[in-house]
Amino acid sequence: MNDGFDSEVEVIGAGPQNITYRILTGGAKGMVLTAAYAEIAEIIQATEQTETHPFTVGERFTAEQFVQDGTHRWKSVRVTYEIIKATTATIQLKPVDGSGKTITRKPKKSYNGRWCFTLDDNYHNTFYKAESTTAEKIIKDGEENAEKTG
62 MNDGFDSEVE VIGAGPQNIT YRILTGGAKG MVLTAAYAEI AEIIQATEQT ETHPFTVGER
122 FTAEQFVQDG THRWKSVRVT YEIIKATTAT IQLKPVDGSG KTITRKPKKS YNGRWCFTLD
182 DNYHNTFYKA ESTTAEKIIK DGEENAEKTG
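In this note's numbering, the protein residues as written are 62 to 211.
Hints listed in this document are in silico derivations from the structure and should not be mistaken for laboratory results. Since the structure is predicted, the reported quantities are computational estimates derived from the model, not experimental observations. It cannot be assumed that every hint is accurate.
[Unchecked claim] For lysine to aspartate or glutamate, the following EDC-like pairs were computed, each having C-alpha atoms within a straight-line distance of at most 20 angstroms: (1) Lys169 with Glu120; (2) Lys146 with Asp158; (3) Lys167 with Glu143; (4) Lys169 with Glu143; (5) Lys167 with Glu112; (6) Lys170 with Asp181; (7) Lys155 with Asp181; (8) Lys155 with Glu120.
Based on the provided sequences and hints, a complete structural model is requested.
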């Protein structure tokens with residue numbers, strides 16, 4: 062982007078008129094912004110990154126869901142889901158107790174770089190998982206920063 066700075070950016074989304082990008086270097090590192098295609102000054106490297114989510118078959122997640130008890134009252138119940146199938150783009154979950162249908166979700170990266178998926182519209186039922194390479198990178202970055210300051 063031609064923002065007057067020499068920042069490296071990573072395009073994380075592209076629409077018909079604008080792109081969404083994350084700043085990788087400098088003081089604004091980590092910020093996510095949008096820009097029109099006309100604002101692109103130079104493309105240094107164009108590669109399509111295909112990342113696979115870190116969720117695996119057999120993992121379990123406990124969700125808090127609300128159900129009607131027959132008297133027009135809602136009660137909170139905990140339902141544990143297990144991943145029964147995982148592809149490069151989606152996961153299929155089924156309640157552990159066997160009741161209920163199989164649901165399919167598409168994990169995505171959140172604003173902070175962690176993988177997540179949501180079971181329903183209840184914000185409590187969003188589950189996050191850090192990639193092992195991301196966790197290793199955070200630890201490595203922390204060690205490098207400790208060496209510089211120590």
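Inset, instruction - Mind checking the alpha carbons of lysine 155 and aspartate 181 for me, to see if they're no more than 20 angstroms apart? - result: Cα-Cα ~14 angstroms, so holds.
Inset, instruction - With a cut-off of 20 angstroms on the C-alpha distance, tell me whether lysine 146 and aspartate 158 pass. - result: holds (17 angstroms)
Legend entry - Holds or violated: lysine 155 to glutamate 120, with C-alpha atoms at most 20 angstroms apart: holds (11 angstroms)
Inset, instruction - Decide if the proposed pair is consistent with the structure: lysine 167 and glutamate 143, CA atoms, cutoff 20 angstroms inclusive. - result: holds (15 angstroms)
Legend entry - Straight-line alpha-carbon gap lysine 169 to glutamate 143, limit 20 angstroms: holds (18 angstroms)
Inset, instruction - Please work out if lysine 167 and glutamate 112 have their alpha carbons no farther apart than 20 angstroms. - result: Roughly 13 angstroms separates the two Cα atoms, so the pair holds.
Legend entry - Pair hint outcome, lysine 169 versus glutamate 120 [Cα-Cα no greater than 20 angstroms]: holds (17 angstroms)
Inset, instruction - For the pair supplied as a hint, lysine 170 and aspartate 181, confirm whether the alpha-carbon distance does not exceed 20 angstroms. - result: It holds: about 17 angstroms lies between the C-alpha atoms, which stays within 20 angstroms.
Figure legend: structure checked against the earlier numbered hints; every hint is met.
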